[in-house]
Amino acid sequence: MAEHARPQEPAAGPQGSQAGPLAVATVVFSVCVLTIVGSYHSIAGFAAIVDDRFFTRPDDYPYALDVTTWGWLHLIIGMIVLAAALTLLSGYLWARAVGVTVAGLSALECYFFTPYYPVWCVVMIALDVLVIWSLVRYARPVSHTLLGVEDVADADGTDDPTRR
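For what it's worth, this note's numbering labels the leading residue of the sequence shown as 1, then goes sequentially.
FYI, nobody ran anything at the bench for these hints, they're computed from the structure. Note that the coordinates shown come from a computational prediction; the quantities given were computed from them, not determined experimentally. Positions of the beta carbon are idealized from the N, C-alpha and C atoms, including for glycine. Be aware that a few hints might be false.
Distance windows between CB atoms, simulated [claimed, not checked]:
{"#": "1", "residue 1": "V122", "residue 2": "V28", "range": "32 to 42 Å"}
{"#": "2", "residue 1": "V123", "residue 2": "R57", "range": "17 to 27 Å"}
{"#": "3", "residue 1": "L86", "residue 2": "R53", "range": "18 to 28 Å"}
{"#": "4", "residue 1": "A64", "residue 2": "A25", "range": "38 to 48 Å"}
{"#": "5", "residue 1": "Y63", "residue 2": "L130", "range": "18 to 28 Å"}
{"#": "6", "residue 1": "T35", "residue 2": "D66", "range": "42 to 52 Å"}
{"#": "7", "residue 1": "W133", "residue 2": "R53", "range": "34 to 44 Å"}
{"#": "8", "residue 1": "D60", "residue 2": "W94", "range": "38 to 48 Å"}
{"#": "9", "residue 1": "T35", "residue 2": "V119", "range": "12 to 22 Å"}
Based on the provided sequences and hints, a complete structural model is requested.
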């Protein structure tokens, strides 16, 4: 059995050629948090669509849309966030860009929805900011290490072993 074990190579930091445990953990964290955020958006949207009185409409709020409109907006953004969470596991650079963009849109939407559900929106914005940080902080090979992909071609079609 011992002869089949691979020798452990030291994991490099975020700028190195290999992803360290913290870097892999942040990708998993991002996927999990985006899944939770997307699920919340979808559930809150569905609740607002089904029951117009689920969220109370604030008085004198310049962005006071109809609760059903907010519900559809939440439902659509929730589905987009869930799809972005799944694309992060592909390891592509565009998936990270989509993840950062979607987390930013989610935070922006929660900012405008704060008068309807203040405490939870602050929590959602904080989680979105953590997702943005974790996706921007660590290099692209993190997702490939997570999936065990060895041969990864760059966007320009070349295979650069120093970027793995």
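Q) Failing hints, ascending? A) 1, 3 and 6
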